[in-house]
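Peer 1: Okay, here's what each chain looks like letter by letter:
There are 2 protein chains.
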Amino acid sequence: MSLIQPRTLKGFRDYLPEAMIPREQLIATAQQVYRSYGFSPIDTPALEYLEILTGKGSDETDRQLYKFQDHGGRDVGLRFDLTVPLARFAAQHVPKLGTPFKRYHIASVWRGENTQRGRYREFMQCDFDTIGTKSVAADIETGLVIHDLFQTIGFSKFTIRINNRMVLNGLLDKLGLASKSTEVLRALDKLGKIGRDKVAEEMTATAGATQEQAEQVLKLSDLAGSNAEILAQLAPLVSGSEIGEEGVSRLNEVLAGIAAAGVEEARIQVDVSIARGLDYYTGVIFETFLDDLPTIGSVCSGGRYDNLAGLFTKQELPGIGASLGLDRLLAAMEELEMLAKVRTPAPVFIPYFDGDRLGAYLKLAARIRGAGIGVEVYPDPKKLGQQLKYADSRGFSVAVIAGANEFAAETVQLKNLQSGESEEVSLAEGPNTLIARIRSILSIG
Amino acid sequence: MSLIQPRTLKGFRDYLPEAMIPREQLIATAQQVYRSYGFSPIDTPALEYLEILTGKGSDETDRQLYKFQDHGGRDVGLRFDLTVPLARFAAQHVPKLGTPFKRYHIASVWRGENTQRGRYREFMQCDFDTIGTKSVAADIETGLVIHDLFQTIGFSKFTIRINNRMVLNGLLDKLGLASKSTEVLRALDKLGKIGRDKVAEEMTATAGATQEQAEQVLKLSDLAGSNAEILAQLAPLVSGSEIGEEGVSRLNEVLAGIAAAGVEEARIQVDVSIARGLDYYTGVIFETFLDDLPTIGSVCSGGRYDNLAGLFTKQELPGIGASLGLDRLLAAMEELEMLAKVRTPAPVFIPYFDGDRLGAYLKLAARIRGAGIGVEVYPDPKKLGQQLKYADSRGFSVAVIAGANEFAAETVQLKNLQSGESEEVSLAEGPNTLIARIRSILSIG
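Top to bottom, those sequences are chains F and U.
First residue of the first sequence? That's 1 in our numbering, and the numbers climb one at a time after it.
First residue of the second sequence? That's 1 in our numbering, and the numbers climb one at a time after it.
There may be inaccurate statements among the hints.
Because identical chains cannot be distinguished in the list, a pair is counted as satisfied if it fits within a single copy or across any two copies.
To be verified - Taking lysine-lysine and the PhoX-like style, the derived pairs with C-alpha atoms no more than 20 Å apart in a straight line are:
{"hint": "1", "residue 1": "Lys389", "residue 2": "Lys96"}
{"hint": "2", "residue 1": "Lys67", "residue 2": "Lys10"}
{"hint": "3", "residue 1": "Lys382", "residue 2": "Lys180"}
{"hint": "4", "residue 1": "Lys134", "residue 2": "Lys382"}
{"hint": "5", "residue 1": "Lys219", "residue 2": "Lys193"}
{"hint": "6", "residue 1": "Lys193", "residue 2": "Lys10"}
{"hint": "7", "residue 1": "Lys383", "residue 2": "Lys190"}
{"hint": "8", "residue 1": "Lys389", "residue 2": "Lys341"}
{"hint": "9", "residue 1": "Lys96", "residue 2": "Lys314"}
{"hint": "10", "residue 1": "Lys180", "residue 2": "Lys198"}
{"hint": "11", "residue 1": "Lys219", "residue 2": "Lys174"}
{"hint": "12", "residue 1": "Lys180", "residue 2": "Lys219"}
{"hint": "13", "residue 1": "Lys157", "residue 2": "Lys219"}
{"hint": "14", "residue 1": "Lys190", "residue 2": "Lys180"}
{"hint": "15", "residue 1": "Lys96", "residue 2": "Lys341"}
{"hint": "16", "residue 1": "Lys190", "residue 2": "Lys219"}
{"hint": "17", "residue 1": "Lys383", "residue 2": "Lys134"}
{"hint": "18", "residue 1": "Lys134", "residue 2": "Lys314"}
{"hint": "19", "residue 1": "Lys198", "residue 2": "Lys382"}
{"hint": "20", "residue 1": "Lys198", "residue 2": "Lys341"}
Keep in mind that the hints were calculated from the coordinates and are not lab data.
All chains should be modelled from the sequences, with the hints used to inform the complete structure.
Peer 2: Here it is, written out as structure tokens:
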């Protein structure tokens with residue numbers, strides 16, 4: 001029989017241990033932070049009725065959908081994000097679960113993307129949302145969750161940029177450009193790339209803005225200084241527009257709330273130029289940048305929306321949420337050398353050195369494991385050098401080595417695999433001394 | 001515009017918080033135990049080339065496969081288990097990663113099953129395997145992992161049944177029935193249902209066994225007593241067959257190793273009647289039963305195999321592994337009332353009582369959270385009774401309540417939501433007293 005070539009589909013990938021270990025850690029950190037604010041986990045099926053998935057998506061997501069007929073002839077598709085399933089879920093279950101409904105959802109999504117842009121066709125999303133309240137308290141909390149997330153992951157230098165769509169809408173309203181907001185904001189989004197003059201030209205061409213109107217919009221990009229200074233400069237630009245004034249007022253409340261919870265001011269930066277797409281968001285907007293790697297783009301983004309599930313229910317469900325870009329963040333952490341190069345999640349290695357002593361090695365391993373420290377026992381009584389080479393290649397931290405001499409003397413050799421140093425540790429009075437020495441080498445309490 | 005009906009596909013389900021919270025806990029426990037033995041996480045794509053998936057599966061799994069053509073016209077399918085992807089992964093990566101390769105994989109699989117049997121079409125598997133060694137040390141370790149898994153989950157009464165296919169093969173070899181092992185074992189598997197005489201009849205009819213041969217096989221079911229007694233009775237039945245004697249010898253070694261690691265003897269039971277399918281396994285076999293709910297069947301099963309990836313590579317990859325039946329175990333834990341009925345992972349609730357004090361509530365929440373205790377702040381300043389009703393419905397443990405009087409006196413009311421008891425706690429000297437009282441109510445260190 002000829003062999004089948006072992007391979008993955010284009011745009012898909014295996015996660016090997018050295019990629020999967022930090023990914024699992026990151027997921028666990030996100031779960032912990034989300035839970036600490038009372039967000040509950042949910043899960044939804046990977047497959048949904050096609051009509052659910054195509055209802056809201058753009059033409060682009062519709063094109064990228066993995067869709068087919070199932071065994072019962074139903075048209076089905078693989079979810080392409082976690083927002084559409086949330087909308088369907090909320091329409092179905094929130095009437096029973098009640099509001100506020102706070103959920104997180106960490107799961108894979110699939111898109112038949114063009115892989116030439118370096119995109120994968122399967123990736124993980126890591127979303128949290130609060131459904132059923134328009135309160136500014138939920139806006140503040142979203143900022144706090146993002147802050148705690150990055151702090152807990154281990155970043156000290158990151159910036160959460162914040163804006164409110166009402167500010168932009170208020171300004172356009174005041175300028176008589178409300179009906180052309182899509183075109184104006186699309187032009188404004190290009191400011192960094194094409195410069196002020198070209199943006200003004202585009203606003204004139206696509207939105208019919210006058211030179212004066214374009215200048216007024218572009219004043220947004222002149223705002224500078226501390227958050228308080230920016231907000232002070234922003235106020236006159238929107239004064240007289242009810243929605244604009246409310247936007248500024250809510251920005252002030254969000255900043256005050258985040259500060260009250262003890263967040264350093266440097267972590268939050270008002271940035272009136274961010275709009276995050278043109279239709280979905282209606283209130284506060286967040287983007288998060290790593291100060292040491294800003295070019296990678298926002299690694300956690302989100303905002304407030306008025307009506308999550310309008311395609312599925314007449315019940316109006318306002319909400320706010322954000323999504324951690326798990327794969328992008330892992331790529332950034334690798335570039336910043338924040339990921340340890342280990343291919344084992346157990347730090348302690350016990351060579352199977354003396355072929356007749358398997359029981360003794362297993363007992364020793366069980367005792368160390370009983371103290372909460374992971375241990376791998378090599379399964380075959382090969383040469384010690386070969387076993388230690390394996391331990392090095394996998395990134396174990398310490399080896400606990402015992403042969404005939406050590407068993408006779410009731411000792412072990414404890415080898416620090418990073419430094420290469422060895423010490424003899426007695427087992428005569430039980431494993432406590434050994435465990436304390438291992439903890440010390442691993443720098444755990 | 002008419003509404004789209006929000007619904008899930010037949011055979012699929014949403015996981016609401018009260019189902020998802022224990023599921024996540026169970027996954028975290030499995031991860032922790034697997035890691036503590038040096039197993040590393042991996043992940044593989046949900047979608048694979050169809051030829052990979054249909055290569056090894058049975059006719060039944062082929063029929064149940066979700067398969068379609070992707071955007072590039074490739075024939076693809078959704079994985080129906082984690083073993084076929086492991087075989088493909090091992091053929092592709094183990095030459096580089098080296099052996100022993102110990103991995104765990106916790107992920108969803110899809111099967112277009114008949115839902116009338118109460119089966120779901122999407123469910124999670126939770127597998128661990130050691131690839132690249134035939135050592136009995138890996139057999140022992142598999143038993144230890146299963147043991148630690150159930151102990152860590154919180155079971156005190158469970159039984160790991162153990163057998164070795166070599167014992168069965170040796171016996172059949174000795175009886176001259178080796179070429180009919182499939183038919184003989186299929187008949188033996190029915191012993192509990194149809195009784196001794198009918199099994200003997202079937203062995204005669206389908207395997208051409210003589211009455212005497214059938215009697216010899218059925219002697220297996222007469223073995224009783226302690227593990228040592230069963231093995232002592234087993235030895236003469238297989239003596240003279242090299243493979244049978246090796247099977248008994250390895251069973252002895254596995255039992256000795258598991259005992260050396262400190263496992264209570266009552267947790268392991270030799271059961272020579274288990275065969276776990278007919279072709280795949282070649283050595284030790286494990287099944288795990290809950291003593292208080294044996295009828296639910298085995299909740300963790302596995303065993304040793306000779307050649308994992310023969311369809312994909314000429315490299316012979318022996319291994320051993322087992323799979324935790326996550327959904328079946330959760331169903332059992334629910335029936336045994338081992339699951340707490342909570343719909344929030346944060347134990348502490350802070351009502352937004354005084355509309356002007358949002359900052360103070362957020363600060364208080366941040367301080368409690370800083371001590372590692374999850375807190376939810378209600379987002380809207382509604383009536384206190386309404387907020388406490390919400391807290392009850394979600395299963396919060398304690399509420400920290402503060403209104404104008406409490407703020408003036410620098411105190412809070414701490415309410416135990418289970419007992420209904422309240423106490424006043426001072427904040428005059430910081431939050432430490434409050435945190436200590438909360439810890440005491442939650443019964444955490």
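Peer 1: For Lys389 and Lys96, with the copy left unspecified, which applies at a CA distance of at most 20 Å: within, between, both, or neither?
Peer 2: Answer is between: at 15 Å across copies they meet the 20 Å cutoff, but 58 Å inside does not.
Peer 1: If the cut is 20 Å between Cα atoms, do Lys198 and Lys382 qualify within a copy, between copies, both or neither?
Peer 2: neither (71 Å within a copy, 50 Å between copies)
Peer 1: Is the C-alpha distance from Lys193 to Lys10 at most 20 Å within one copy, between copies, in both cases, or in neither?
Peer 2: neither (32 Å within a copy, 49 Å between copies)
Peer 1: How would you classify Lys190 and Lys180 at a CA-CA limit of 20 Å: within, between, both, or neither?
Peer 2: within (16 Å within a copy, 75 Å between copies)
Peer 1: Within a copy, between copies, both or neither: which one fits Lys96 and Lys314 at a CA-CA cutoff of 20 Å?
Peer 2: within (15 Å within a copy, 56 Å between copies)
Peer 1: Between copies, within a copy, both or neither: which fits Lys180 and Lys219 at Cα up to 20 Å?
Peer 2: The answer is within: 18 Å in one copy meets 20 Å, while 87 Å across copies does not.
Peer 1: State whether the alpha carbon distance between Lys180 and Lys198 is at most 20 Å within one copy, between copies, both, or neither.
Peer 2: within (18 Å within a copy, 83 Å between copies)
Peer 1: For Lys134 and Lys314, with the copy left unspecified, which applies at a CA distance of at most 20 Å: within, between, both, or neither?
Peer 2: This pair counts as within: shortest intra-copy Cα distance 17 Å, inter-copy 62 Å.
Peer 1: Can you give me the call for Lys157 and Lys219, within, between, both or neither, at a CA distance of at most 20 Å?
Peer 2: Neither: 29 Å inside a chain and 71 Å across chains, both beyond 20 Å.
Peer 1: From the Cα coordinates, with 20 Å as the cut-off, is the pair Lys198 and Lys341 best called within, between, both, or neither?
Peer 2: neither (47 Å within a copy, 60 Å between copies)
Peer 1: As a check of your reading, is Lys134 near Lys382 (CA-CA no more than 20 Å) within one copy, between copies, both or neither?
Peer 2: Classified as between; 13 Å across copies, 65 Å inside a copy.
Peer 1: Between the shortest in-copy and the shortest cross-copy C-alpha distance, which are at most 20 Å for Lys383 and Lys134: within, between, both, or neither?
Peer 2: Between copies, since 17 Å is at most 20 Å while 67 Å is not.
The structure shown violates the earlier hints numbered 3, 6, 7, 13, 19 and 20.
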